[in-house]
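Q: Chains as they are written, first to last, in our numbering: chain V, 62 to 564; chain E, 62 to 564.
By construction, these hints were calculated from the structure, which means they are not laboratory data.
There may be inaccurate statements among the hints.
Because identical chains share one entry, a pair is satisfied inside a single copy or across any pair of copies.
As the list claims (entries may be wrong) - Dumping the calculated DSBU-like pairs for lysine-lysine here, alpha-carbon to alpha-carbon at most 35 angstroms:
1. Lys173 <-> Lys120
2. Lys120 <-> Lys236
3. Lys403 <-> Lys120
4. Lys291 <-> Lys173
Since we're looking at a predicted model, the values are computed, not measured.
There are 2 protein chains.
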Amino acid sequence: MSADALRPANLEEPRAVSARERDALIRELLGVVPSQGVLHDDEDLRPYECDGLSAYRRKPMLVVLPETIEQVQQVLRLCQAHQVPVVARGAGTGLSGGAFPLANGVLLGLAKFNRILAIDPDNRCARVQPGVRNLAISEAAAAHGLYYAPDPSSQIACSIGGNVAENAGGVHCLKYGLTVHNILELKVVTIDGELITLGGQSLDSPGYDLLALMTGSEGMLGVIVEITVKLLPRPERAQVLLAAFDNVERAGEAVAAIIGSGIIPAGLEMMDNNSIRAAEDFVHAGYPVEAEAILLCELDGTNAEVSEDIMQVRELLIAQGATEVRTAGDDQERLRFWAGRKAAFPAVGRLSPDYYCMDGTIPRKNLGQVLRRIGEMSDEFGLRVANVFHAGDGNLHPLILYDADTPGQLERTEDFGGRILELCVEYGGTITGEHGVGIEKLNQMCTQFTPDALTQFHAVKAAFDPRGLLNPGKAVPTLHRCAEFGAMHVHHGQLPHPDIPRF
Amino acid sequence: MSADALRPANLEEPRAVSARERDALIRELLGVVPSQGVLHDDEDLRPYECDGLSAYRRKPMLVVLPETIEQVQQVLRLCQAHQVPVVARGAGTGLSGGAFPLANGVLLGLAKFNRILAIDPDNRCARVQPGVRNLAISEAAAAHGLYYAPDPSSQIACSIGGNVAENAGGVHCLKYGLTVHNILELKVVTIDGELITLGGQSLDSPGYDLLALMTGSEGMLGVIVEITVKLLPRPERAQVLLAAFDNVERAGEAVAAIIGSGIIPAGLEMMDNNSIRAAEDFVHAGYPVEAEAILLCELDGTNAEVSEDIMQVRELLIAQGATEVRTAGDDQERLRFWAGRKAAFPAVGRLSPDYYCMDGTIPRKNLGQVLRRIGEMSDEFGLRVANVFHAGDGNLHPLILYDADTPGQLERTEDFGGRILELCVEYGGTITGEHGVGIEKLNQMCTQFTPDALTQFHAVKAAFDPRGLLNPGKAVPTLHRCAEFGAMHVHHGQLPHPDIPRF
Chain V
62 MSADALRPAN
72 LEEPRAVSAR
82 ERDALIRELL
92 GVVPSQGVLH
102 DDEDLRPYEC
112 DGLSAYRRKP
122 MLVVLPETIE
132 QVQQVLRLCQ
142 AHQVPVVARG
152 AGTGLSGGAF
162 PLANGVLLGL
172 AKFNRILAID
182 PDNRCARVQP
192 GVRNLAISEA
202 AAAHGLYYAP
212 DPSSQIACSI
222 GGNVAENAGG
232 VHCLKYGLTV
242 HNILELKVVT
252 IDGELITLGG
262 QSLDSPGYDL
272 LALMTGSEGM
282 LGVIVEITVK
292 LLPRPERAQV
302 LLAAFDNVER
312 AGEAVAAIIG
322 SGIIPAGLEM
332 MDNNSIRAAE
342 DFVHAGYPVE
352 AEAILLCELD
362 GTNAEVSEDI
372 MQVRELLIAQ
382 GATEVRTAGD
392 DQERLRFWAG
402 RKAAFPAVGR
412 LSPDYYCMDG
422 TIPRKNLGQV
432 LRRIGEMSDE
442 FGLRVANVFH
452 AGDGNLHPLI
462 LYDADTPGQL
472 ERTEDFGGRI
482 LELCVEYGGT
492 ITGEHGVGIE
502 KLNQMCTQFT
512 PDALTQFHAV
522 KAAFDPRGLL
532 NPGKAVPTLH
542 RCAEFGAMHV
552 HHGQLPHPDI
562 PRF
Chain E
62 MSADALRPAN
72 LEEPRAVSAR
82 ERDALIRELL
92 GVVPSQGVLH
102 DDEDLRPYEC
112 DGLSAYRRKP
122 MLVVLPETIE
132 QVQQVLRLCQ
142 AHQVPVVARG
152 AGTGLSGGAF
162 PLANGVLLGL
172 AKFNRILAID
182 PDNRCARVQP
192 GVRNLAISEA
202 AAAHGLYYAP
212 DPSSQIACSI
222 GGNVAENAGG
232 VHCLKYGLTV
242 HNILELKVVT
252 IDGELITLGG
262 QSLDSPGYDL
272 LALMTGSEGM
282 LGVIVEITVK
292 LLPRPERAQV
302 LLAAFDNVER
312 AGEAVAAIIG
322 SGIIPAGLEM
332 MDNNSIRAAE
342 DFVHAGYPVE
352 AEAILLCELD
362 GTNAEVSEDI
372 MQVRELLIAQ
382 GATEVRTAGD
392 DQERLRFWAG
402 RKAAFPAVGR
412 LSPDYYCMDG
422 TIPRKNLGQV
432 LRRIGEMSDE
442 FGLRVANVFH
452 AGDGNLHPLI
462 LYDADTPGQL
472 ERTEDFGGRI
482 LELCVEYGGT
492 ITGEHGVGIE
502 KLNQMCTQFT
512 PDALTQFHAV
522 KAAFDPRGLL
532 NPGKAVPTLH
542 RCAEFGAMHV
552 HHGQLPHPDI
562 PRF
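The following block holds chain V by itself, in its conformation from the complex (with noise of 0.2 angstroms):
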């Protein structure tokens, strides 16, 4: 590959900074920070030149890892000082490329926010570091019987600052929210330097809702250096169905009548027949793999409520035309049950050289008929897809299989990732679930936005920061890139397709 494809189209970068500039802020970061937390040599900057989007990368112009608060606020103030643009980074697992760094910017690492700083179990919640692994907090919280909900497939290693700065999701959240429901309180450091605190310990917080507007927000609006997350009580007893399909459709279908009949499963997913021989063959989680789609649905509660879910849940799937239903017998089934799913992203991975994982989300009764269009598009562009996904949501995760190697198949593979979440657009949903936009759907955005509410975006960006130091050219499109992509914005009530159930 040459060097020039590593490096996205999608991103613009920052003006040039000088040999002399660079020398200048070293040596005043080295005034702020211990001389090992300024990484600036090649070798050092190597690890940091890609996150978890990594079919591209490109080296920092430096890397900072502050250890404490103050030295957050100090680094922020030089960075302002010489208008050198900032990307904060967690452990580095996003897929969408929010932390993937600026070739002229610093990279402003949290992993030595490694602390968890109190565990409340009245008050059920936990005060934590932003570099602190989302699984560690569950881990902490277990002597107490609680747990943190929101559960990403990289939850042994992804940090929860990058969980706050991308809302992530997880297998778990149809049940029990995203991240931005399950957090209280935020620590955050403005360009500025300023220290200021969102959010509060209470159910409700009075002016504007700066909490859920800085979650998600992709590191563009300020620097996460404290959470307090909520901690929700173990449930008593959790159970998993297995059910085969042998129409993809149908399997969509009783997806929505699950949701419908009222039940919340604590998760729901859905594996096409891709998945399924792929993650068989890769951990043996005894699926079915003649089954055109599996679902796998937990329950969770007390045990009267589950056992009486699980029959209800049964029955409807027998209704909706499943081919066969399991109950996990014991916790090791259930667990085998998970493991396949768990491990369906590196099973698919040995499929072929390279994939790449798309996240859109649409209306639940909807995924038939878009996972067939999905299908359709996969012979068009002559690229095979594996589909493994949060159904209960309606939050796709196509991975598009392709072969870097080969020239063009890359080029080929975003065009139709592109597509796709027009696709999800084009049916009512959105772009992202739980991923975030980084530089990866940067054009989507165009598509799923008015120009009005991409500038009022952009207002609500310079009202934190002014001169866009932070994070620049991620998240939020120009209008202007948006032009050049093409008025795509598809308005509501001039669907192109009139087949599509208008609500």
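Since the structure of chain V is provided, determine the placement of chain E on it from the hints.
A: Relative to the frame of chain V, chain E by itself:
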């Protein structure tokens, strides 16, 4: 009461508008809104001179009642052109003065936006106009076995647009969340007259979370003209426990114990002896009038789940020292238990010529202590207090009893109310649970937030409304006002009372 006393000390008036300017604006408004929708006679303006914060009265300069979104757009463009401020108003039931009119401003009434546009049982949502009454949504959805969860006490009268503007709560928000957790999409007209759509019908929406930002922004960022709300399936069963305590603090500890056990009741309400007696005299709910406090705990869900929870909560209440625990024998008794709670405000109103309802939130574990301190303050101010509130959320509603005809009592009541809110902040809580800041709590915002946080609020406001024409003088105080009020911000780590448990 003198005319001057009717003007809240908190409200700053914008610049005066000359009779000529006013007449010109009326003429232009008549060009865009039907003539019966532009009110300017003294008589016609009177119904709009206050909202639910009825201690104060003031006539608006004009009332405009548009009937379509296009008319709202044109009205806002005219107000912007004339630099005349605009206060949006739903049903006028708000308790903090958010819709209190300006003598030099236009009151934009949304009463004619009273249609339910669509109910979509498959995706469990409804698209409604802002003037629709809260309860009317549940009534319309009942045919599908669905309902809209947030239920402010005023739900018969209050409008959904006002609910969004104030991020309203209610008895059931303990389990089902505030308004912000129960809406999907908003259509909003900006002060420039642009129509923008915030949020969407999917799980998550890309870009900054302007849906959450707009919710609870008290009419200061835009005018809400359409709302898509989530609908929930009606639970199979609901059951209520009534527990009596001979000590208020013990009742507070029982609340913390129930929530700490992992059960999330649909509602968990507390009434003190003043409220119990008042309610019992008024509606004969069968309350134990000797009790110092009662708790009402509603559990909902499937039959099995409710049966199990009832047993567990019953045991907990007895272990926590309840002198009596009753379970409603049938639906009639359940409704009677709630009738007392729901009638508590008017019932307390019979004890005294006037009352002033406060709304603050504290961490649940401090309920007992804070109620004791409010009791001490009641003696100090020589004003009786009745407490009836959402205990499960830690959301207090002390009703201060006073007589507006006794010189100085209203002022003493306001001081007492302010002190209660500062007490909430002192205990790590907030100055509002669900009623908003409006004009009532402007000074306490200075206690709640640092100058840096308030500055950020003003920057966000300016991103939507740079000239400050939307509901000026509400919700977010100027730094100048805070300086006059005194530097009262309680910093974390500098709490004045060392015995307050820190987290």
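Q: Take the hints in turn and mark each one as holding or not.
A: How the hints compare with the structure:
When the C-alpha separation of Lys173 and Lys120 is checked against a cutoff of 35 angstroms, the pair qualifies only within one copy, where the shortest distance is 21 angstroms, while the shortest distance between copies is 58 angstroms. Taking the shortest alpha-carbon separations for Lys120 and Lys236, neither the intra-copy value of 40 angstroms nor the inter-copy value of 47 angstroms comes in at or below 35 angstroms. Proximity of Lys403 and Lys120 under a CA criterion of 35 angstroms is satisfied intra-copy only: 31 angstroms inside one chain copy versus 63 angstroms between copies. When the C-alpha separation of Lys291 and Lys173 is checked against a cutoff of 35 angstroms, the pair qualifies only within one copy, where the shortest distance is 23 angstroms, while the shortest distance between copies is 40 angstroms.
Violated hint: 2 only; the structure is consistent with all others.
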